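Participant: Now for the letters of each chain:
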Amino acid sequence: MLQQPISRRKRLVLQALSIFLLLLGYTLLSESKHRDNPEDRTIPTWSGLAEGLKQILEKPEPQNDLLAAALGEDVKAEERAPMLWRDLKATGIRFVAGYGVSVAGGLLLGVLMGSFLSLESLAVLPLRLASRIIPTAALAVFFVLAGTNLTMYIAMIVFGTLPAIAIGVSQEIASFPKELRYKAYSLGASHLEVIVDAFLPVKAPRIMEIIKSNIGPALVYLLAAELLVANVGFGYTIRLFSRKLDMTVVYPYLLILAFLAFALDAGIKILQTQISPWSKK
Amino acid sequence: MEQEVNASESHPAIRIKNVSKQFGSHRVLDQIDTTIEPGEIVAFVGPSGCGKSTLLNCIVGTLEPTSGSIEVWNKDTDQMMSVNGPGRDRGIVYQRYSLFPHLTALQNVAFGLMLDETEPHFRWLNPFAWRKLRKAHLEKSEEILTRVGLAKAMHNYPTELSGGMCQRVAIAQALVMRPQILLMDEPFGALDEATRESLQRLLLELYHQNQVAKEKGERPPHTIIIVTHEIEEAIFVGDRIIGLSQRGRDGNGASIVFDEAQPVFKPDDLKDSTVISQEKSKVIEAAFGSDYGQDTVS
Numbered sequence: 000m001l002q003q004p005i006s007r008r009k010r011l012v013l014q015a016l017s018i019f020l021l022l023l024g025y026t027l028l029s030e031s032k033h034r035d036n037p038e039d040r041t042i043p044t045w046s047g048l049a050e051g052l053k054q055i056l057e058k059p060e061p062q063n064d065l066l067a068a069a070l071g072e073d074v075k076a077e078e079r080a081p082m083l084w085r086d087l088k089a090t091g092i093r094f095v096a097g098y099g100v101s102v103a104g105g106l107l108l109g110v111l112m113g114s115f116l117s118l119e120s121l122a123v124l125p126l127r128l129a130s131r132i133i134p135t136a137a138l139a140v141f142f143v144l145a146g147t148n149l150t151m152y153i154a155m156i157v158f159g160t161l162p163a164i165a166i167g168v169s170q171e172i173a174s175f176p177k178e179l180r181y182k183a184y185s186l187g188a189s190h191l192e193v194i195v196d197a198f199l200p201v202k203a204p205r206i207m208e209i210i211k212s213n214i215g216p217a218l219v220y221l222l223a224a225e226l227l228v229a230n231v232g233f234g235y236t237i238r239l240f241s242r243k244l245d246m247t248v249v250y251p252y253l254l255i256l257a258f259l260a261f262a263l264d265a266g267i268k269i270l271q272t273q274i275s276p277w278s279k280k
Numbered sequence: 000m001e002q003e004v005n006a007s008e009s010h011p012a013i014r015i016k017n018v019s020k021q022f023g024s025h026r027v028l029d030q031i032d033t034t035i036e037p038g039e040i041v042a043f044v045g046p047s048g049c050g051k052s053t054l055l056n057c058i059v060g061t062l063e064p065t066s067g068s069i070e071v072w073n074k075d076t077d078q079m080m081s082v083n084g085p086g087r088d089r090g091i092v093y094q095r096y097s098l099f100p101h102l103t104a105l106q107n108v109a110f111g112l113m114l115d116e117t118e119p120h121f122r123w124l125n126p127f128a129w130r131k132l133r134k135a136h137l138e139k140s141e142e143i144l145t146r147v148g149l150a151k152a153m154h155n156y157p158t159e160l161s162g163g164m165c166q167r168v169a170i171a172q173a174l175v176m177r178p179q180i181l182l183m184d185e186p187f188g189a190l191d192e193a194t195r196e197s198l199q200r201l202l203l204e205l206y207h208q209n210q211v212a213k214e215k216g217e218r219p220p221h222t223i224i225i226v227t228h229e230i231e232e233a234i235f236v237g238d239r240i241i242g243l244s245q246r247g248r249d250g251n252g253a254s255i256v257f258d259e260a261q262p263v264f265k266p267d268d269l270k271d272s273t274v275i276s277q278e279k280s281k282v283i284e285a286a287f288g289s290d291y292g293q294d295t296v297s
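As you go down the protein sequences, you meet chains A and B in turn. With numbering that gives the first Met the number 0 applied, the first sequence has no gaps in its numbers, which climb one by one up to 280 at the end. With numbering that gives the first Met the number 0 applied, the second sequence has no gaps in its numbers, which climb one by one up to 297 at the end.
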């Protein structure tokens, strides 16, 4: 029968197997590549990746300091930091600032739209339109409007995710059961209390879900912008090494990025159970 | 506990004056005119689609009558006040969605006290004063939950409670506010027979409290309107039945076709089936028509 349940143990074994096959496949592929060309860097060996990882995690020597090269100036020895740390900081600040603004704005707009139907009518079409425009394709617009500094990254992420968040949140608020809304008023709630003490806590799990599902797009837009215009950050470093066809750094970076997104997801899940312990049942 | 004012005895609990309701060109209610006295448990009955829920929603304030007015006695001003949207003088119990899913049974009951007595800025800016008040709210809620027989499950979330328990909490949630009127829209419709009867007896207990208050010369505390399609339920819990029907009115909307006092059961009385079936045939005759039986079978 389809969808036949399997034991937990079997599931774990199969999952371990999948990882093993992945690693085995990579090893074989990389070995066959290196048999033809020992200098190959497109599919580096494990030792090649270890070297790349070392390059990522250690403080760079002055002569191959990428930031200094990019900026065309000397960076003082004490300001030099490992590549990963520097990129993490640059990309992290851009992401937190951009996505923070987007979530705060999207939440506020969404709650107001869900609560006031005339505001919803006024805002919904422009937001729908904005959510259909591909921000990466409109990158030039952001350069013109916001230059290439932090504001540009924030604008990029906000433009890319705020409409979706606002529309999603407003739909959630709008679907709040009307009986419960009447009930809240019959218990003496003010308009503010209906929003703060009924709408938000009841819809918190769904709202967190919306915030979680927009992290992916936000990272895509940020990385795309970094690939094109940054001189520090994950996107920049990946572009630099991709140009040189040097995958010893690119692969670890991709994995680190995937891991970060994974951690962010898990963090939000934990937050979700903290905020809404009732929704798990 | 505050004493109810004796002087207000002259005011009814609610006055419905010539209320008509029309949706587009479709007339649902036609010139409904009645008065409900404090302490009455009135059951609205009638065939489905007869407008009994529409009338209730007009009293709740979520629907506005097309013409006519509904007035509710206000405890503070001792005057009849027009209904303008849902308000804390009228408690509601719905069939579903009566409880807030993010709050435990106890928190659900205390929720109204919080909403009614405090504002968000008070709670945010005076955490210590709020905590003290909160404690009093929770104690009061605990007391009332114990009274409706839910002492054991008060820290459970609604999803962890059975349908009957949820409705008990919903009744407690409404009662803790000491509303002028308790409005119930098919409150026990989704429950099994045994659970339903135990909740009906809970309402009879409230009615009994009314009797006690009346004997002491106080204004009876619980005035209840219950909308139900179960005529037996109406006879069992109501001390008055108002039957609504659109029958034979050529789409002119429902009017009151039946309005009679009913035998009153005590909370621990047996359901007397002879009394109930006698009354039932009268109500059916008036509100549903004599061919009602054949109608439902087909």
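None of these hints come from the bench; they were simulated from the model. As the structure is a prediction and not an experimental result, all values here were calculated from the model. Do not rely on the hints blindly, as some may be mistaken.
[What the hints assert, rightly or not] Label pairs and their in silico Cβ distance ranges:
1) A:K88 to B:N83: 18 to 28 Å
2) B:G84 to A:Q170: 22 to 32 Å
3) A:V195 to B:N251: 37 to 47 Å
4) A:Q170 to B:S197: 33 to 43 Å
5) A:A145 to B:G84: 25 to 35 Å
6) A:M0 to B:E192: 48 to 58 Å
7) B:G84 to A:L107: 54 to 64 Å
[Unchecked claim] Computed cross-link-like contacts, SDA-like style, restricted to lysine to any residue with a CA-CA straight-line distance of at most 25 Å:
8) A:K177 to B:K213
9) A:K177 to B:T117
10) B:K16 to A:Y181
11) B:K16 to B:T117
12) A:K177 to B:H25
13) A:K279 to B:K16
14) B:K213 to B:T117
All C-beta atoms, glycine included, are put in the ideal place defined by N, C-alpha and C.
Participant: Where does the structure disagree with the numbered hints, that is, which hint numbers, in rising order?
Facilitator: 1, 5, 6, 7, 8, 11, 13, 14
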